[in-house]
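> As a plain string of letters, each chain reads:
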Amino acid sequence: MMSSTPTTNILITDATLNIAECSQWVMTPESGGIDVFIGTVRNATKGKAVLRLEFEAYATMAIKEMEKIAAEVYTKWPLQKVLIHHRTGTLQVGEIPVIIAVSAAHRDAAFEAGRYIIDTLKQTVPIWKKEIFEDGEVWVAAHP
Amino acid sequence: MMSSTPTTNILITDATLNIAECSQWVMTPESGGIDVFIGTVRNATKGKAVLRLEFEAYATMAIKEMEKIAAEVYTKWPLQKVLIHHRTGTLQVGEIPVIIAVSAAHRDAAFEAGRYIIDTLKQTVPIWKKEIFEDGEVWVAAHP
Amino acid sequence: MTITILAFGVAKDIFNAPSIQLELMNDATVMSLKYTLEQEYPRLKQLSSYLIAVNNEYALPEDYIHQRDEVAIIPPVSGG
Amino acid sequence: MTITILAFGVAKDIFNAPSIQLELMNDATVMSLKYTLEQEYPRLKQLSSYLIAVNNEYALPEDYIHQRDEVAIIPPVSGG
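Chains as they are written, first to last, in this note's numbering: chain B, 1 to 144; chain H, 145 to 288; chain D, 289 to 368; chain P, 369 to 448.
Simulated from the structure, these hints should not be mistaken for laboratory data.
Predicted, not measured: the structure shown is a model, and the values here were computed from it.
The C-beta atom is built at its ideal place from N, Cα and C for all residues, glycine as well.
The reader is advised that the hints may include incorrect statements.
Stated by the list, open to error - Below, simulated DSSO-like cross-link-like pairs (lysine-lysine); rule was C-alpha separation at most 30 Å, straight line:
#1 76(B) / 122(B)
#2 413(P) / 220(H)
#3 190(H) / 413(P)
#4 220(H) / 76(B)
#5 333(D) / 46(B)
#6 413(P) / 192(H)
#7 68(B) / 130(B)
#8 130(B) / 48(B)
#9 402(P) / 413(P)
#10 220(H) / 208(H)
#11 212(H) / 402(P)
#12 380(P) / 192(H)
#13 380(P) / 402(P)
#14 266(H) / 413(P)
#15 333(D) / 322(D)
#16 76(B) / 64(B)
#17 402(P) / 192(H)
#18 402(P) / 208(H)
#19 68(B) / 122(B)
#20 48(B) / 220(H)
#21 64(B) / 322(D)
#22 64(B) / 122(B)
#23 46(B) / 220(H)
Unchecked claim - Listed below are several chain H residues computed to face chain B (Cβ distance under 7 Å; list not exhaustive):
#24 175
#25 176
#26 181
Can you make the complete structure from the sequences, with help from the hints?
Here it is in structure tokens:
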């Protein structure tokens, strides 16, 4: 499921995310700096080995919430393009659940917007992650 | 010219920089977040059209200064891998003079180290940029 | 009125289904929906928190729920 | 002693060469090197600033320069 304008590219997909394509998409002749954040599946949580992750999205709403974040960063920083791609399904260690790419004339805006997007995404976008361990599984953040 | 350890990858080259290769290089099973900063040649400076840029490096010293920056960020943040690639020669608008990639277990460290590296590189690494305009050329920052 | 509640993440495990049907008074509020849900599924009370989305937007406790609304239970998100 | 000074960026333009040879007293300091350079190339004084590197390290004004050192003039850097 996707949402795209000439300057905003939002995607939720079961397919592998592509770093080069995401970076290329945000480049413009007016850009001087591009910040790309890549989330990767870590092999451990709090010292406990993680076998794989499963991501589930409420896709229609998640796209809307991502659109809100993109609209918000455009009001906060002078940006050229914003891309947010999130993967769903089963991901092995080393695979990429999320890529965020932001281009701007100056690097400060790109760094700050990139960080704001991932921080806000983790708070508001309805996507859920299940950690699968050798001896069980847990929905992250579900319980106190 | 390059300098490489299992966790630090530094390169000055006349060849095209590769975003996907740089991002892949810093990924480790322990990484949760990767920040990639990509500098791109902008089509204008202070409203004036830029035709192309020329980068020149004092390569032996530039590599040493980059090594110092890499060593410094490892003392400041818990990082997994650090990559700094800088291109030299003539670059057209849209081409990539610099890629910085940092991996860490947690994203804050990756973002902060990435930003620190590019900020410090611009202050200390002996590389020079000439802007070529329609009506002349100028070494950036050379004169007050 | 009969409302379908979509469930995700841990809520799907608690309902043991990707959606459930619930009988509510006409023009029930989000607050009363949560009360009804927690009566039927007490494990919801053990969550860190959870929100209700109505038509793909986070809803406030006092918001009304209407017959054709798309209603979903949103346990603590953990994407990224 | 005769010292070779490597030049980069705008300094190469000012010298009109990628390096120059300079006659210095034995064990001259960086400060005296800069003085000598500025006598021969007054345009150096118009730069925002410039530093001297000795053996690939930024040198302090009081540092000594020896016969076999690799010496370079470092105008304001602008990489990235």
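> Holds or violated: residue 333(D) and residue 46(B), Cα atoms, limit 30 Å.
holds, 25 Å
> Please verify whether residue 333(D) and residue 322(D) have alpha carbons no more than 30 Å apart.
holds, 10 Å
> When you check the alpha-carbon spacing of residue 402(P) and residue 413(P), does it fall within 30 Å?
Judged against 30 Å, a Cα distance of about 10 Å means the pair holds.
> With the threshold set at 30 Å, check whether the alpha-carbon distance from residue 48(B) to residue 220(H) stays at or below it.
holds, 25 Å
> Taking only the CA atoms, is the gap from residue 380(P) to residue 402(P) under or equal to 30 Å?
holds, 15 Å
> Residue 76(B) and residue 64(B): Cα distance at most 30 Å?
holds, 19 Å
> Checking hints one by one. Is residue 181(H) an interface residue toward chain B, by the C-beta closer than 7 Å rule?
holds, 6 Å
> Hey, residue 68(B) versus residue 130(B), does the alpha-carbon distance stay inside 30 Å?
Between residue 68(B) and residue 130(B) the Cα gap is close to 25 Å, so the pair holds against 30 Å.
> Residue 380(P) and residue 192(H) were given as a pair; does the straight-line alpha-carbon distance stay at or below 30 Å?
Given pair residue 380(P), residue 192(H) holds - Cα atoms ~25 Å apart, limit 30 Å.
> Straight-line Cα separation of residue 130(B) and residue 48(B) no greater than 30 Å?
holds, 14 Å
> Would you mind confirming whether the straight-line C-alpha gap from residue 413(P) to residue 220(H) stays at or under 30 Å?
Violated - the C-alpha atoms of residue 220(H) and residue 413(P) are around 37 Å apart, more than 30 Å.
> With the threshold set at 30 Å, check whether the alpha-carbon distance from residue 402(P) to residue 192(H) stays at or below it.
With a Cα-Cα distance of about 34 Å, the restraint between residue 402(P) and residue 192(H) is violated, given a limit of 30 Å.
When held up to the earlier numbered hints, the structure conflicts with 2, 17 and fits the remainder.
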